[in-house]
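Top to bottom, those sequences are chains A and B. The opening position of the first sequence corresponds to residue 1 in UniProt numbering, with each subsequent residue numbered one higher. The opening position of the second sequence corresponds to residue 1 in UniProt numbering, with each subsequent residue numbered one higher.
Take every hint as true, because none was put in to throw you off.
Covered stretches of chain B, as calculated for chain A (at least 3 residues, CB under 8 Å):
hint : segment
1    : 337 to 350
2    : 424 to 434
3    : 463 to 476
Residues from chain A that keep clear of chain B, each with C-beta distances beyond 12 Å, as calculated:
hint : residue
4    : F43
5    : L44
6    : F45
7    : L55
No wet-lab data here; the hints were simulated from the structure. Quantities reported herein were computed from a predicted structural model and do not represent experimental measurements. All C-beta atoms, glycine included, are put in the ideal place defined by N, C-alpha and C.
The lines below spell out each chain.
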Amino acid sequence: MKLTKARALVIIAFSVPIAIELRTVAGFFNIDLPLIAIAVIEFLFLALMFVLYGLYGEGSESAS
Amino acid sequence: MATASGPARTFVERFPSEAGVIKANLLVSFVALGIGAFFGLIQALHRTDILRVIDSADYYTMLTGHGVLLAIVFTIFFLTGFFHWATARSLDQPAVSTLYSWAWFGLMTTGTVLATIAILGGLVPNLGISADVLFTFYAPLQAHPIFYIGLAMFIVGTWLAGADWFLSYRAWRSDNKGERIPLQMFMVLTTMIMWYLATLGVAVSVVFFLIPWSLGLIPSVNPLLTRTLFWYFGHPIVYFWLMPAYMMWYTILPKLSGGRLFSDPLARVVFLLFLLLSTPVGIHHQYLDPGIAEGFKFIAMTNTMFLLLPSLLTAFTAVASMEHGARQRGGEGYLRWLGALPWRDPAFTGMALAGILFAAGGFSGMINAGMNINYLIHNTLWVPGHFHLTVGTAVALTMMAGSYWLVPQLTGTKLYSRPIGLLQVIMWFIGMVFMSNAMHRAGLAGIPRRTAEPQYQNFEFLTPIGSIFELRVQIALGGTLLFLSVVLFLFNMLLTSLGEKSDRPVDEYLPEPLSGPEGSPRVLDNLGLWTGIAVVLVILAYTLPLAGIIQNGGGLFGGGLPIPATVSAGLDFVTTLVTTTVNTLLEVAA
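Isolated chain B, as found in the complex:
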């Protein structure tokens, strides 16, 4: 590993094979970003009625493409590339098998291509292929089978990628008995354990219900069941997007600030809290779904509120690390140290701005999480306003900003233009402020989401401040700035990768934290224990709701295919057993 005093060698010189795999992942990620952002621009202009170049029926194809390509393909391919980098870098050793790494990349890419073909097929009616099922893709909307098959291949690809990093860790562990897990590796492992746990729901939904249903092998599905299985996965995927961003805030941002991470143990605790708490909360997306008892929704709400803790800890640690960096650079005073931060560096500025908008997204997320207040904004434009701050900025902007530091390490070149990079991250920030602010306001006015035609006959939406027209202009202006920002980013990345090799490579050295891992209890590294606790929490949160949905909602396959009597009896037995056990425990506790 390059050290502060040792010879600085770029990542690509030390791990050329891994750099190839990572670059391929980032290439797919950036292509998806470009297409998805273009779809986003068309949507923003269409639904605000500023410029309509598509039929409203095609809006839903665009919406699905935008959601899948940005929220799943862009983010997760970036994550797999970034985690592959972090694994090799933090363990200071190459992957166990390059061929295996290419295999999971190939599987993920093939799945992505299939799903994308299914989505884009919606624009060619004669083709007979479409997948206008939105990013959430649960029943009763139905897609062409290749969409679900592609999705399944993609998810299995991520599982294999995780196995690649676990194998690397095992190889490292055999040579480093008794050592603390390097922080970045710890973050990769905890994130992937959460991902394995969370994707079980969507895998069951896709493989056992949606694929047979779309192939015509079964006549119907239980919509509430597929919906619940989706949200079982659909909320933790938020943390699958966020945790690489958090990893950059914890390990790269302090270095870019000119300082050191404030606390390594705190970072480990945060990632463990995400592992434990991110999965048993999905029902908070279903507050208005019938068929799930209020009590389970209340439990999901309280679990969600607990999830604020790791995010607040992260905000504290990130700001403390930045302040330390600023003071190392000569910054003084209560607030004047902010001026000493490296604002000319797009990697730093992008991550810092992303963190600021994430705070705003956290506040609107608390509104979403609260059962009663959620009813005000449920299925309104408030919700996309919220997740454009979290996924669309905290994650996407951090990934783009991180690329300005990461990509030169992988190519051995210099970043093509720092000023363009800076302009790009600023444009993203301002564009997102315009768009998400207007979306939140529009949601409060009751304007629905997921529709190309939000207007109603003989009904006028009212805003307490400003007018609906102003909100529409803000959304269109924001969407346009965001698209232009993506164009600048891709332009910068392309010219960086085509540049000549630099004789002053990017320094990938990450300084030691102010408080190192030796200050944290060793039990934090016992990943088996934390996985076990996470599984128990999921069982507690989901067993009874799922049993109720199956029993009361028409069985496993809805009304069309009753579940066999033996399965029904088995479910009855499990439900009775769990209920009796819980009641007994409550009596004992009382």
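One chain only, chain A, in its complex shape:
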């Protein structure tokens, strides 16, 4: 599946709330993640997604 601009935007939209609530999950284990750490994790996640799509993303955009 090719990474279109639309898919990239949707991935960003879905991952932002998950990243924010990662602090809550970490808090359950007494790990205090600072906001900057969340920003870095989100950035790394998106970079990883784009790399994976670049490596394995095939096909056309016609499905969407």
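Following the hints, complete the assembly by docking chain B onto the known chain A.
This is chain B only, laid out in the frame that chain A set:
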């Protein structure tokens, strides 16, 4: 009606007069959205102390304007436009009288202008007009009379709009005896029956108490009575906002997904459940109000929990319909079908994202509804965090997303920009995640709502995770993204309406459901029966609490004007009669 194989004609070509009325409704709705969103930005920056451009005293004017213009004007004018579209489309016939349609639109608009003048007058102290009474507008806060008069005109306008659709339905019924009510029409009718029932409370409050009080004709009102009458209306109005969004999720979202509605009968059941259950729950907004017995609050809580059912059914149906659409588009696997959905279409993506945040809003709503746990977050910033997920996203984002599909049908033009539309709905989603998440957290820390100055001397709010400063930055960042999103939306709508006529009009055809109305019992269409049951439930939920509030709370008009002895005796008689009857029934049942 355009069909899958027939010639595709836009709505505006088939119903030009109705399209004019709908466009006027949407215009008022979008203007209110722009002004209300601007007020929201000023508030977000002010109370987080990021940027203060107004005096704190004016914050309450902004807060009232934000609430009224967004929660009432934007949503309800969109609803009246959308319902007018749905009525003509689903019945495949024009309204009974275009002049009458313009009359209710004119009344609603005049009322809106009056109420808005009263609110904005608060920014000009020399004018002597203000209405800093917040969206809830109950006593003891008092507004200028033109605010209440405008409000009354607005509500009567919605009643007349409902009558317009009922008249259309009657005309259709006379030509289509024995037919099942078309699904969208069914949804319009059930929603309006709920609205008639729910607005009785606020109409009584405004006409008999607040207008005479603001004019000086009566010296005081019973604050708890006006408060209870407000919440009698104040919770079902949530469903008046939500039901057009639900209608889009049920009837338009499956088509946008590339499939068909999963179940027509389930959709009808959901709308009937909202009709029955949405009004007898308002007391759950008054858990901390003195003067209402705990038992009535408990009943309101259980009724509220029942209301989760139609929302859960909707979540199931919407996801099932989307999955069907995705599989029609070639989607496979347990979850990979999600990738086959039309994420490039802002109409689809906006509605889907709105549904996701609505689920989160539903969870925080369960906290609000629970009597004991409500005490933790009552009147804190948690509450606006909750309703910015429900009204501010489930409803508002669905309405904006729906506009990307609806407005081109009304103008005969193409949507100006799908990429800008997509960016807009994504910005709304992310902005709302930031803002409402921080609001919920701030509420748990005890930060109050409805105040320009939430800080206290020698007291520091503490958060279990992160800092208060981070929460303030999140709220300000979210509010800014939301405002920019509205600017993009209005820009897109304006350029769409100014565009040239398209030779490839938007296809308004809605496919048949997978399970059609023939599979549902005919009793579902007996709206008289369901209305009767809804009325009985309201009487059961409200008669005794209201009688208690009037008897124990200083009469109908508070302490300043005792109720006449005859009225008092009459109320005593009614209270005794109802109590005796209930006790007798309980004994018989035992």
